[in-house]
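Q: Spelled out from the first residue to the last, the chains are:
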Amino acid sequence: MKGSQDAVHRRGSAEHAQNMHEVAPLSPLSIVSLRKTYRDPMTLKPFTAVSDVTFELRRGEIFGLLGPNGAGKTTTIKLVLGLARPTSGSVLIDGRDPSDPNARRRLGYLPENPCFYDHLNAAEYLELVGELFGLDPNVRRHRSGGLMERLGLTPHVKKPLRKYSKGMTQRLGLVQALLNEPTLLVLDEPMSGLDPIGRAEVKQILREERSRGVTILLSSHVLAETESICDRVGILQNGRLLEVGAIPDLVRTGVREWEVVVDSVPEETASSLREMGHGLESAGSRTVIRVAEGTALQEVLARLTRLGIFVHAVEPRRETLEEHFVRALRGSQGAAL
Amino acid sequence: MRPVLAIARNTIREALRERVALIAVVFGLAMVLASQVLAPLALGEGKKIVTDFGLAGSSLLATLLAITLGTSLLYKEVERRTIYSVMAKPVRRTEFLVGKFLGLWSTGAALLVVTTLMVLAVLTVAYRDTPWVLAGSLALTLVEIGIVTSFVVFYSSFTTPGLAAFFTLTSIVAGHFAEDLLYFGTHGGTSAFGAATTVAYWVLPHLSVFNARGLVVHGVPVPPERLLFAAAYGLLYMGALLAAASAIFERREFR
Chain A
118 MKGSQDAVHR
128 RGSAEHAQNM
138 HEVAPLSPLS
148 IVSLRKTYRD
158 PMTLKPFTAV
168 SDVTFELRRG
178 EIFGLLGPNG
188 AGKTTTIKLV
198 LGLARPTSGS
208 VLIDGRDPSD
218 PNARRRLGYL
228 PENPCFYDHL
238 NAAEYLELVG
248 ELFGLDPNVR
258 RHRSGGLMER
268 LGLTPHVKKP
278 LRKYSKGMTQ
288 RLGLVQALLN
298 EPTLLVLDEP
308 MSGLDPIGRA
318 EVKQILREER
328 SRGVTILLSS
338 HVLAETESIC
348 DRVGILQNGR
358 LLEVGAIPDL
368 VRTGVREWEV
378 VVDSVPEETA
388 SSLREMGHGL
398 ESAGSRTVIR
408 VAEGTALQEV
418 LARLTRLGIF
428 VHAVEPRRET
438 LEEHFVRALR
448 GSQGAAL
Chain B
4 MRPVLAIARN
14 TIREALRERV
24 ALIAVVFGLA
34 MVLASQVLAP
44 LALGEGKKIV
54 TDFGLAGSSL
64 LATLLAITLG
74 TSLLYKEVER
84 RTIYSVMAKP
94 VRRTEFLVGK
104 FLGLWSTGAA
114 LLVVTTLMVL
124 AVLTVAYRDT
134 PWVLAGSLAL
144 TLVEIGIVTS
154 FVVFYSSFTT
164 PGLAAFFTLT
174 SIVAGHFAED
184 LLYFGTHGGT
194 SAFGAATTVA
204 YWVLPHLSVF
214 NARGLVVHGV
224 PVPPERLLFA
234 AAYGLLYMGA
244 LLAAASAIFE
254 RREFR
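Those protein sequence lines, which keep their order, are chains A and B.
Be aware that the first sequence starts at 118, since it is given in our numbering, and climbs by one per residue.
Be aware that the second sequence starts at 4, since it is given in our numbering, and climbs by one per residue.
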């Protein structure tokens, strides 16, 4: 009896899985074996900007596309937007080719170092953007008013865009990217040109958009900023995707070393600690001792206590995304050699 | 259609803020001055000279405006990457190009209408006569400016402003002499040269169709059938050029 029940359950599960497969939601952005080769117009020498890049975005996540200058981040974004055509491979936005205008109807885009029509003011520019998105004038006015307020640009709504500072232009770029209430946001270096307060505000906005279910693809080389908001990252170098994954999965989650913050250490003790392989750095009136292992930490702490040196703090240090990034790039360079 | 109109409106706005109105004012002043200087020298033909000079001037002005403004505006869009934000919206490249064309044509047309009205005003004040037959010439020149603008858009879709301006000017000059070219090619040249000039004759715009100044300076109205033919021919020519420009622009990559 139980065996037949299990069989029914298994068959039901299989049908359910099949149904699930049939109605599986499309990825907001799917990139498969993407390759882009340009030819120098003078020499006709080919140059591969993006090579065999494959990744998929999950709905409602912030995905960071990281890489040094010239890694292929902006080219990948141009391919996503249909500004350039792939040499091979495919890009699909909600299952549609980017050249289809409908694929871009719920897409918001902030270019790197944005430049908007400087003969317009912000209100006129947002009116143009609203018309390009086919928004009703009342809806557009309501949304642009709210977004301008949210990004602190309301006092500058009638100011000509040529008089906007870099930070203000960046904020306006975000306003126009959000005007159509996008389901996919593509941001090329969104923190560029912003002061610390501006960066914090933008990060807050991106978190809010994510909580609304918006999928965000952002490129950046400011890794500390990326680490604090991205759910997953992809590391690009020389047009190739080295790694894709959640940040905790990529970085070494274990403790890399321990930082012991103490008052000044007598020279004799300092030399001895250095001989034992620990690093010492002065930080103002204090000294930071870097200890690589937990067992060694116990010995160091016991010794400091014996010597009557006051220990202010003991902090574990884990690998940051930046350290992982550098390691990944060096590893790739090493492999290439 | 909505994105096309939005882009056209933005192009007009940009052109107006490039001090296009100033050109019209300068033209008006030049017309008043010219009518005062030329009239006594023309032995009673002052009115004809002012009309001919005025209409030719306004046509030339609109042509130069279409070329200078058109080639630089399209180039600036790509150079300054303002086009990136526009093309990331649900806008087809063809819509962008047609919007630009309509905006530029409207600007050239507005300038043409204003300067023709100035000619009319000068004639009314200086000669106590308002020659409404100028409207026929204006209508033909409006179509001609449309063709010039479509050439600008076509060449700008794949080349630099300097080259686009040069190619447009060459096409316009050749277009004005299309019939002469055919005559020389088929009378006395080799058969290959004759065939080449025949092809050129059919490819080049027949811009002489749009020049009715010879009629209107004598107070003769432009026949309606000529207006209709010119309009149909002009619209077809513009359509063909824009289709070619669109096919090129669709394949263009933004680096």
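Please keep in mind that the hints were generated in silico from the structure rather than gathered at the bench.
Positions of the beta carbon are idealized from the N, C-alpha and C atoms, including for glycine.
Warning: the hint list may mix true and false statements.
Claimed, not checked - In silico DSBU-like cross-links for lysine-lysine, where the CA-CA straight-line distance does not exceed 30 angstroms:
id, chain 1, residue 1, chain 2, residue 2
1, A, LYS275, A, LYS320
2, A, LYS283, B, LYS79
3, B, LYS79, A, LYS275
4, A, LYS276, A, LYS320
5, B, LYS51, A, LYS276
6, A, LYS280, A, LYS320
7, A, LYS280, B, LYS51
8, A, LYS320, A, LYS283
9, B, LYS51, A, LYS162
Unchecked claim - Here are some chain A residues pointing at chain B (derived, C-beta under 8 angstroms):
id, residue
10, PRO203
11, TYR281
12, GLN321
13, ILE322
14, TRP375
15, ARG391
16, MET393
Q: Is LYS51 (chain B) close enough to LYS162 (chain A), meaning Cα to Cα at most 30 angstroms?
A: Answer violated: LYS51 (chain B) to LYS162 (chain A) is near 61 angstroms, above 30 angstroms.
Q: Take the shortest C-beta to C-beta distance between GLN321 (chain A) and chain B; is it under 8 angstroms?
A: Interface hint status for GLN321 (chain A): violated (23 angstroms vs cutoff 8 angstroms).
Q: Taking the closest Cβ pair, is ARG391 (chain A) under 8 angstroms from chain B?
A: violated (53 angstroms)
Q: Taking 8 angstroms as the limit, does the beta-carbon of TRP375 (chain A) come near enough to a beta-carbon in chain B?
A: Check failed: Cβ of TRP375 (chain A) comes no nearer than 48 angstroms to chain B, outside 8 angstroms.
Q: Need the status of pair LYS275 (chain A), LYS320 (chain A): alpha-carbon distance at most 30 angstroms?
A: holds (26 angstroms)
Q: For the pair we were handed, LYS79 (chain B) and LYS275 (chain A), check the Cα-Cα distance against 30 angstroms.
A: The given pair, whose Cα atoms are some 23 angstroms apart, holds under the 30 angstroms limit.
Q: With a cut-off of 30 angstroms on the C-alpha distance, tell me whether LYS320 (chain A) and LYS283 (chain A) pass.
A: Roughly 18 angstroms separates the two Cα atoms, so the pair holds.
Q: Taking the least C-beta to C-beta distance, is PRO203 (chain A) closer than 8 angstroms to chain B?
A: violated (11 angstroms)
Q: For the pair supplied as a hint, LYS276 (chain A) and LYS320 (chain A), confirm whether the alpha-carbon distance does not exceed 30 angstroms.
A: Holds. LYS276 (chain A) to LYS320 (chain A) sits at ~25 angstroms (cutoff 30 angstroms).
Q: With a cut-off of 8 angstroms, does the beta carbon of MET393 (chain A) approach a beta carbon of chain B closely enough for the hint to hold?
A: violated (55 angstroms)
Q: May I ask you to test the interface hint for TYR281 (chain A) with respect to chain B, counting a Cβ-Cβ separation under 8 angstroms as satisfied?
A: For TYR281 (chain A), the interface hint is violated, since the closest Cβ of chain B sits about 14 angstroms away, which is over 8 angstroms.
Q: Holds or violated: LYS280 (chain A) with LYS51 (chain B), Cα cutoff 30 angstroms?
A: Given that 30 angstroms is the threshold and the Cα spacing comes to 49 angstroms, the pair is violated.
Violated hints, listed in ascending order, are 5, 7, 9, 10, 11, 12, 13, 14, 15, 16; each of the other numbered hints is respected by the structure.
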